[in-house]
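For the protein sequence lines, the chains are A and B, in the order given.
Note that numbering that gives the first Met the number 0 gives residue 10 to position 11 of the first sequence, counting from 1, and the numbers run on in steps of one.
Note that numbering that gives the first Met the number 0 gives residue 102 to position 103 of the second sequence, counting from 1, and the numbers run on in steps of one.
None of these hints come from the bench; they were simulated from the model.
Backbone N, C-alpha and C define an ideal beta-carbon position, used for all residues, glycine too.
Treat each hint with caution, since some may be false.
Covered stretches of chain B, as calculated for chain A (at least 3 residues, CB under 8 angstroms) [unchecked claim]:
1. 7-16
2. 31-40
3. 49-62
4. 93-106
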Amino acid sequence: MVDLRRGAAIVGIHEHVTRYAPDKSELQIQGESVVKALEDAGLTKKDVDGLLTASSSASDSALNLADYLDMYPDYLDNTNVGGASFEFHLGHALNAIATGRINCAVITYSAMTRSGGLSMGTGAAEWTQAGLVPSPDSFEYLYGITTVGLYALIAQRHMHQYGTKPEHLAEIAVAVRKHASMNPQALFRNPITVEEVVRSRIISSPLHLLDCCVITDGGGAVVVASPEVARNCRQRPVWVLGTGEAAAHQGAGKRDLIYTAAKQSHGPAFAMAGVTHDDIDMAMIYDSFTITVLEALEDLGFCEKGEGGDFVSGGRLQIGGGLPINTDGGGLSSNHPGMRGIFLLLEATRQLRHQFEGTPRQVPDCKIALCHGTGGSLGARHSGGTVILGRD
Amino acid sequence: MTTWKKPLPTIAGETLPFWDACRRGKLLLQRCGRCQEYQFYPRGICSACWSTDVNWVEASGKGTVWTFTVTRLNRDPGFIEDVPYVLALVELDEGVKMFTNVVECNPDDVSIGMPVEVTFVRATDRVTVPYFKPVA
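Excised from the complex, chain A in its bound form:
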């Protein structure tokens, strides 16, 4: 394979501060984020020749955004695979840049899920495809699937098969909340205990309220550029070292659903990056639910399948532990507008820039970070996107 390592770098980022913005539109938040991310990079509108975005509210969101911002990009990517879309986008932007099609791309996302009053996790799951025949939904919807339920199914099976306990899953929520306490923009910042998590009410067994992500508005943008452009940017480049993507689904009723798409997506990313698990200083693991993290850590190869419960115990996932994750407070505590993958890239970049140096939020000597997005649902169909990033 062509060596794409360091073929592109993240040179600008912006996370919109809002967690609730009923006065703004999705496109406005994207627009504001793109402007700020370009400022961060020291670039301008005319430097951008690629646009990548995904939206839950409009299937042709890239066209809408190009219109809104009056852009005429040479490369347009509207890939939407749920929450992992932005890890996919980064891989696609790398391909487009490394092959010389474009020099600079913007990846952006926003959703107004909280101000829209959507019952994201506990109403009818939102990705209905009623127009498709045969739609798999026709064999799922009539049974009252919810987003939480589709993850709870896998949590239940994991507990049955491997002896994983609710307290193991709670360790993940506790670690991520501790990190949220260091992020002034996080929605929930008060520390919680394992006992509080397992005592919170059951939403869909075995998942408790505190096993579930928050629902917010929000958005952000990432600027990706060629090495030539990156050298002249304001910020130290954060290099794309490796990427991988995969889909996992019902497999006509025969797939072993205990495994996630991470099992397939991580190999190519590690091989491309030429690094091992021991080289990863911190990880941003999509945390729609605690089980999403546990399964991803196993299937990414950080521990054996079934040993995730022990792996996440003892503070390993907290800053100062062996593998700090979700140092922004994650979807479990900071923000989750619906497709959270872009925020994984933003926080990994901040950590690799050493932006929090001298504060407890900084992962010491952070050189290599891994981001893994999980979109869709573990129980039905989902995407997995793995990205490995590094600083010079």
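Got chain A; can you put chain B on it based on the hints?
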């Protein structure tokens, strides 16, 4: 009969025989004439070997609970009054898993590995929905 408030399947072409059979109280699966693999949900091509020689066969209607969740919160109007209810993936004896609800039992009595069998509920003139209940 009360009005059916839950979602209804989209029925056409490839899936019509499945729903027609449900109306007659039979659960159908598909089996490939070339590679002999079963599949669910129904579709016009064998997902394993991509042959179009896909045949309908009557399922045993028996299986075990592969996993389940007791849903305690669902704001969908069709289910808001049903909580707590059991959403499950049942593994049929033929080896394929399907989404269902485990009904006619206390949700707290459901467990992984529990033997279950199909039962049908008429939703509309056109649609009868397969559910599963514990084997007596």
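Cross-check of the supplied hints:
| no. | hint | verdict |
| --- | --- | --- |
| 1 | 7-16 | holds (count 8) |
| 2 | 31-40 | holds (count 5) |
| 3 | 49-62 | violated (count 0) |
| 4 | 93-106 | holds (count 7) |
Hint 3 alone, counting from the list given before, is not met by this structure.
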